[in-house]
Amino acid sequence: MNRNTALILLLILILVGFTIVLWYLDPVDRTKINILAIIGTLISIYGLALAYLQIHSLRETAEKTEKAVNAANERINQILSVSELSKTIQSVREVQNYIKSEKYELAQLRMKDVKSVLIQVKHNIELFELTNSDEYKTAFSDFIIDLNNLSSHVLTDKRGVNFKKIIANLESISSLLSEFENKLKYKRL
Amino acid sequence: MMPENYQLLITKLTERTVNRDALWEKTSREEEFRLQLNSSVITIDKWFDSFEGKVYYDLAIYNEDGHQIDKIGCSDTTDGYKLLKALHSAVSRIHYKVDETFKSIFEELDSANKIGKVSPPTHDDSDIPF
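Residue numbers (our numbering), protein chains in the order written: chain A, 45 to 233; chain W, 1198 to 1327.
Hints are computed from structural coordinates only; laboratory data are not their basis. Please note that the accuracy of each hint is not assured.
Each pair of labels, with its calculated beta carbon distance range [to be verified]: (1) Leu153/A to Glu1261/W: 18 to 26 angstroms; (2) Leu153/A to Lys1314/W: 34 to 42 angstroms; (3) Lys1314/W to Ser130/A: 50 to 58 angstroms; (4) Glu1261/W to Ser101/A: 18 to 26 angstroms; (5) Glu170/A to Lys1314/W: 26 to 34 angstroms; (6) Glu1222/W to Lys131/A: 23 to 31 angstroms; (7) Pro1200/W to Asp178/A: 25 to 33 angstroms.
All figures in this text were calculated on a predicted structure; none of them were measured in a lab. Glycine included, each C-beta is placed from N, C-alpha and C at the ideal position.
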């Protein structure tokens, strides 16, 4: 029932009430003052009902506005996340190219950027189902170990890194990030 | 002196590995393996320090956000070397299926059949087929 219908219904009820009160009122008591008092009381009841409906309507509007603002914020966050993920996929490709051309210091720097996004992604509620999978956990730990191994290769005498394996692991990360990107991009709010 | 909790951890890991209850996987280092747990990762590595001329065994623990929360490295002169070596050896044997391979070799050697296979003959390049 909308607000206008409720008001009309209330008005009809008041008129019916007024008629009933008049009907049962003793003819002696049907003075102008009494009738004015009854009309005044009924108008007050109508006024109170009107005020209540106004407040209710205002609250509904405020709730709707809040929901719309939250949805817009969520959408903006999603758009930012999608853009961040696209950038990260690009970074993963750069790392692969740096490793292929033996520029390990640059690869290490770029991998650190990718690492921070991979951690952020783990805390994204929209992606919880995907990041909580064994596939992501394994790919993430491989990435972290690869970054550590690459850092050891760059900074210490620890040798024996299989760079082909790192490139293959990066490919898995890239595929997972594409999946996340698509999930966010095409998700309906 | 290696901390007691590390000794306990390595002993338990070795036990589970020997019993084939722990699923280790190879990483991007030649002799490093990782064990993926629910909220952490453990790695065991063996490497040769060419500068010092020593073999090292490293055990590292990562938390769920990928931070290395602890790491111990042992060479033959430090405490805990034997424990780490035993763990790495167990992991390596399981990963490369050393026992299964030996068993299969002995089964073949003990069988009455001829053993070994030769590749099918190929055309001699010098022999022109027309």
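Please check whether Glu170/A and Lys1314/W have a Cβ separation lying inside 26 to 34 angstroms. The hinted range 26 to 34 angstroms is violated for Glu170/A and Lys1314/W, with Cβ atoms some 55 angstroms apart.
Quick check: does the Cβ-Cβ distance between Glu1261/W and Ser101/A fall within 18 to 26 angstroms? 48 angstroms, violated
Could you say whether the range 25 to 33 angstroms given as a hint is met by the Cβ separation of Pro1200/W and Asp178/A? Between Pro1200/W and Asp178/A, where Cβ atoms are some 31 angstroms apart, the hint holds.
Quick one: are Leu153/A and Glu1261/W within 18 to 26 angstroms, going by C-beta? Given range 18 to 26 angstroms: holds, Cβ gap about 24 angstroms.
Do the Cβ positions of Leu153/A and Lys1314/W conform to the proposed distance bound of 34 to 42 angstroms? 50 angstroms, violated
So the hint says 50 to 58 angstroms: do the beta-carbon atoms of Lys1314/W and Ser130/A match that? Since Lys1314/W and Ser130/A have Cβ atoms about 52 angstroms apart, the given range 50 to 58 angstroms holds.
Glu1222/W versus Lys131/A beta-carbon gap, inside 23 to 31 angstroms or not: 30 angstroms, holds
The earlier numbered hints that this structure contradicts are 2, 4 and 5.
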